[in-house]
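*Asks:* For reference, the chains in residue letters:
Number of protein chains: 2
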Amino acid sequence: MSKKIVSQAVIKRLPRYYRHLESLEKQGIQKVSSGTLAQLLDITASQVRQDFCNFGGFGQQGYGYDVVTLKEELANIMGLNKTYNMIIIGVGNIGRALANYTGFKKEGFNINAIFDIADINTDGLSVNFYKMSELQNYVKNNAVDIAVISTQGKVAQDVCNEIISYGVKHIWNFAPIDLSVPEDVIIENISMSESLYVLSYKMTNKD
Amino acid sequence: MSKKIVSQAVIKRLPRYYRHLESLEKQGIQKVSSGTLAQLLDITASQVRQDFCNFGGFGQQGYGYDVVTLKEELANIMGLNKTYNMIIIGVGNIGRALANYTGFKKEGFNINAIFDIADINTDGLSVNFYKMSELQNYVKNNAVDIAVISTQGKVAQDVCNEIISYGVKHIWNFAPIDLSVPEDVIIENISMSESLYVLSYKMTNKD
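Chains as they are written, first to last, in this note's numbering: chain C, -12 to 194; chain U, -12 to 194.
So here's chain C without its partners, still in its complex pose (with noise of 0.2 Å):
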């Protein structure tokens, strides 16, 4: 298959795919539409169609798609055929929630470890605690393929260089600002008042 440039947009649709996929397939739903995924996604048939074609199309035109094959195809395209090494760095609110979801180690991500520069309560924290100050060492001695930030705004770009400095190539953001990485560094960013901004906006342009 040729390396395409996959719009931004395509990508994102890829998971909501999988996950209707998911569903499918728990229903014992063998065959799927363009049709019937473009009406799940809020989408058209063709964009469908268009959006599996950067990917070498999956199926034959009139068939309809297998919904375990297709499910595989896109789990291998998202890499979620891997496992990934995560660790947490900021222990607020939702460094814990992500700390105690179970939904992402099925997929192969697992969380190992979480850091704070403070003592915190660990409490019914399923995910070992480290303090700041051992995290150079623990990246030494462990596999890690993805930094969870999730500090407050203010010192989430130092917990960055920090990071990086000790060789972390993925990040994923929820702190709510902007963090600038080199180029060789991947970072993905998921920020609760852009999504709360678009719902306003719906809500102000309704008609």
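Hints were generated in silico from the structure; no laboratory data involved.
Because the structure is a prediction, the values reported are computed rather than measured.
Be careful, since some hints might not be right.
You can't tell identical chains apart in this list, so a pair holds if it fits in one copy or across any two.
As the list claims (entries may be wrong) - Derived pair list, reagent style BS3-like, types lysine-lysine, alpha-carbon separation capped at 27 Å: (1) Lys93 with Lys141; (2) Lys18 with Lys141; (3) Lys(-1) with Lys193; (4) Lys127 with Lys18; (5) Lys189 with Lys(-1); (6) Lys69 with Lys193; (7) Lys189 with Lys93; (8) Lys92 with Lys141; (9) Lys93 with Lys18; (10) Lys118 with Lys141; (11) Lys127 with Lys156; (12) Lys93 with Lys156; (13) Lys13 with Lys141; (14) Lys93 with Lys193; (15) Lys189 with Lys69; (16) Lys156 with Lys193.
Keeping the supplied structure of chain C fixed, place chain U upon it in accordance with the hints.
*Replies:* Positioned in the frame of chain C, the structure of chain U alone reads:
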């Protein structure tokens, strides 16, 4: 200004423009070019100009945009010049994080109450707690512009149906499922797993 259909991609960029304009304003910068905005958002200058064309322009070619004016125009477009009364349903870690986050209030998003089916530990919770059995009465006696659903996935649709049956028209969904809502209800989803899968996609397809 005539109403156009604005694409999802453009709508999702508005909060990012806004955040960068806030930051430029804080730095005392008065004018910004489409080129600078493009760099900050990692898109092209022509995309910036196209985005703004959806809303009638905002400036004269070659003069740059006035930072404060542009920020305020975007705030108006996103409905950030209003106040919103919000409630949260579901007191997990995410619900707690949202209830205690002070950043939304300064943009007019007031979280007035948080509900759960169970009696919960209200230590450290900065918002009034109510049992779900009080929800109907609360909605009858208080304005609720937005209901935040931060329950587990398996109960989210029931909670969503209940709150809509009381007349709430706008839902911000943190539960990891796609909720079905009537046509006149506006819903915005924020999904952690979707964001994580975009990161693993980028890690898998980095060349």
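*Asks:* Take the hints in turn and mark each one as holding or not.
*Replies:* Results of checking the hints against the structure:
1. Lys93 with Lys141: between (33 Å within a copy, 17 Å between copies)
2. Lys18 with Lys141: Only across copies: Lys18 and Lys141 sit 25 Å apart there, 49 Å inside one copy, limit 27 Å.
3. Lys(-1) with Lys193: Both. Shortest intra-copy (24 Å) and inter-copy (16 Å) distances satisfy the 27 Å Cα cut-off.
4. Lys127 with Lys18: neither (47 Å within a copy, 45 Å between copies)
5. Lys189 with Lys(-1): both (20 Å within a copy, 11 Å between copies)
6. Lys69 with Lys193: between (42 Å within a copy, 15 Å between copies)
7. Lys189 with Lys93: between (34 Å within a copy, 20 Å between copies)
8. Lys92 with Lys141: between (30 Å within a copy, 18 Å between copies)
9. Lys93 with Lys18: within (24 Å within a copy, 49 Å between copies)
10. Lys118 with Lys141: Answer is within: at 19 Å inside a copy they meet the 27 Å cutoff, but 35 Å across does not.
11. Lys127 with Lys156: within (14 Å within a copy, 51 Å between copies)
12. Lys93 with Lys156: For Lys93 and Lys156, the Cα distance is within 27 Å only inside one copy (23 Å; across copies 34 Å).
13. Lys13 with Lys141: between (43 Å within a copy, 14 Å between copies)
14. Lys93 with Lys193: Result: close only across copies, 24 Å inter versus 38 Å intra.
15. Lys189 with Lys69: Result: close only across copies, 13 Å inter versus 37 Å intra.
16. Lys156 with Lys193: between (41 Å within a copy, 12 Å between copies)
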